[in-house]
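As they're listed, the protein sequences go chains A and B. Heads up: the first sequence begins at 1 in this note's numbering, then just goes up one per residue. Heads up: the second sequence begins at 305 in this note's numbering, then just goes up one per residue.
No lab work stands behind these hints: they were computed from the structure. Take the hints with a grain of salt, since some may be wrong.
As the list claims (entries may be wrong) - Computed spacing ranges between beta-carbons, pair by pair:
#1 A:N25 <-> B:D391: 23 to 29 Å
#2 B:F430 <-> A:W200: 48 to 54 Å
#3 A:V30 <-> B:Y441: 19 to 25 Å
What the hints assert, rightly or not - Calculated from the model, a selection of chain B residues having no Cβ within reach of chain A, i.e. all distances over 10 Å:
#4 P319
#5 Q379
#6 R409
#7 V457
#8 F460
#9 F477
#10 G481
#11 F482
#12 I558
#13 I593
#14 I601
#15 N604
For clarity, every value in this text was computed on a predicted model and none was experimentally measured. Just so it is clear, CB atoms sit at the ideal spot from N, CA and C, and this is done for glycine as well.
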Amino acid sequence: MTTESIPTNLRPRRTGLAGLVPQWNALSTVALSFLVLLVLAATLADVVMPGAGAVTVADRQLPPLSTSDATGVFHLLGTDSLGRDLVYQLLVGARVTLLVGLLSIVVAGTVGIALGLIAGYHPRGVGQVIMRVVDAQLTLPDVLIALLVLFVFGPSIVNLILVVALCRWQAYTRLTRALVLSMQDEAFVNAAKILGVRLWRILAVHILPNLRRPLLVLATMEFARVMLIESSLSFLGLGVQPPAVSWGLMLASGRNYIVSAWWLVTFPGIAILLTAVGFNYIAQTVGKDGRRTRRSRTSRKKAA
Amino acid sequence: MSVALTSRRRTGFAPRLLRRVLYSLIALWALLTIVFVMGHLIGDPTRLMLDEGVSEQTRQALRDRLGLNDPLWAQYWRALTGWFSGDMGQSFRLGVDTLPLALSRLPMTLLLVGVTVVIAYVVGTFFSVLSAMKPGYWADRLLAGFSLFAVSVSDFWIGLMLILLFSAQLGLFPSSGFVGAISLVLPVLTLLAKPLGRIQQVSRASMVDELRKSYAVTARSRGLARFGVLTRHVYRNTSAPVLTISTDEFTGMITGAVMVEYVFALPGIGSLLIDAVFARDLPLVETCIVVLGIFVIAVNLILDIGLSMLDPRIRES
């Protein structure tokens, strides 16, 4: 009791994000700032760099850090095979990549969480059926089935979002079901039941708000995963179609110039990598606390 | 009393095995049905095969030849029985039976995936022992950073970078095709990143957890070095969680192998699939997906059974 009430390592009280997420550190701030900057830059690309998307034949395949002879414009990451500035192209590609990721997470999350709530609340009957479907999907190569669906229906952004969501809904269902099951006997759930609260209200108002944090962590992690699936499908020509641009598609077209223009295939991949690392790192940081605060404190003591 | 006990004991392994086999069969049936529905129910398969401008006569002749004017249930039955007897139709472009063609490409894919799995497991376990030796120290942080990048990278992009560096610039390794073991070096390195990173993360986490358990603490207090505790005692108890994630990872690795084979033009079933997609060769696309799907289902079944034999705790849950 006494050892419990006297903290062994006194740290100054942390405010803001650091107060909300105990494991928050400088690197998480870097990761979050990168993602926020990326979204801002992608939205404002046309304001900040007017005319950078224009096709200029004279400026084809300028290497990074070069200045155009024709227009005198400085190109930080060079230009592509049509003379368009690569930074600008990356920002335009970011719009599609991030939007496809976000929307497929919304679709997969909504469907997956709803089914998970049902499966958790009715572990037999309907819940059994849902979980069997989840099991079946886990043993199937879902991305290959997605490929078949896109092959038959034809590639488009809407189809891409639906197909990616189809690949990943079960992740939310599994987590939601497990959390609901673990909450089944909590006092507040029983109290609501006894008071005669309707089933959907118990699920939506009493249980769902308690699942916010783990589900948010999952969704953040899934963003990286979904982005990688999108880039694979677009790379194969079954995802985003030209003239729209996405990072996966930029890799596909850059592949043709791999010998003559290395930057066209290098930078879109770095963009995907950094964004995915950002999402995964934030998910790791937020996911670590809560469950493991005590544990990490003991390991810190040992390390010190 | 004793009867009840033995019967309870029996609900352990055999029924579980049967149930798992049944689930795998259901997954297989689902796979075949999805492939059939995709290929036949939606729209007109001849639309995918023929160009836009062909006459209605040609289209109808092809429909007759493929049996597309028969009732749907008859087509479904023919497809299922055909698949189970090993007849999956002819490639539309190449004019040969698709199944022998797909199977002839399978060994290359097996080799690529097999070599990668073995290296990922060995290196991943080694890295996680290094990490778990002193959690929080520089080696652990370095390796944690490495695994974070490894799981976040698009695998085919690593392939492109390796081609850029080792084939285009240095000319050390071939960038496409298969001319012997040297052709596998870059593809394996490419495919390695994701499973290596995942195995490392899961294995480190469960090792750190296990090290806190009383048996590990006892071994430590009796003077066994941390390294010895990890390799002799803890390691055995972490193989189950690592195998559990391998099921999930393995499915992803097959997709990764398809991409890697396409990037390096390795003559495996993955590059056959992508070529068939580009050639709009529906029967061949279907066959490749079914063969890869059966492969994934079978490996998952074997992993699952192996896991429950390895770790009795999982059998009960």
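Right, here's what the structure says about each hint:
For N25 (chain A) and D391 (chain B), the hinted distance range of 23 to 29 Å is not satisfied, since their beta carbons lie about 60 Å from each other. About 51 Å separates the C-beta atoms of F430 (chain B) and W200 (chain A), a value consistent with the hinted range of 48 to 54 Å. For V30 (chain A) paired with Y441 (chain B), a C-beta distance near 22 Å keeps the hint of 19 to 25 Å intact. Against chain A, the non-interface label of P319 (chain B) holds: every CB pair exceeds 10 Å, the least being about 16 Å.
The beta carbon of Q379 (chain B) sits about 16 Å from the closest Cβ of chain A, which is more than 10 Å, so the claim that it is off the interface holds. For R409 (chain B), the non-interface assignment is confirmed: its Cβ lies about 15 Å from the closest Cβ of chain A, beyond the 10 Å cut-off. Listed as a non-interface residue, V457 (chain B) fails to keep its Cβ farther than 10 Å from every Cβ of chain A; the least gap is roughly 5 Å. With a least CB separation of 6 Å from chain A, F460 (chain B) falls inside the 10 Å interface cut-off, contrary to its annotation.
For F477 (chain B), the condition that its CB be more than 10 Å from all CB atoms of chain A holds, with the nearest at approximately 14 Å. Interface exclusion of G481 (chain B) from chain A stands, the closest Cβ pair being 16 Å apart, more than 10 Å. Every C-beta of chain A lies more than 10 Å from that of F482 (chain B), the closest at about 20 Å, which supports listing it as non-interface. The Cβ of I558 (chain B) sits about 5 Å from the closest Cβ of chain A, inside the 10 Å cut-off, so the non-interface label is violated.
The Cβ of I593 (chain B) sits about 5 Å from the closest Cβ of chain A, inside the 10 Å cut-off, so the non-interface label is violated. The non-interface label for I601 (chain B) is inconsistent with chain A: the shortest C-beta to C-beta separation is roughly 5 Å, within 10 Å. Listed as outside the interface, N604 (chain B) is inconsistent with that label: its C-beta sits roughly 4 Å from the nearest C-beta of chain A, within the 10 Å cut-off.
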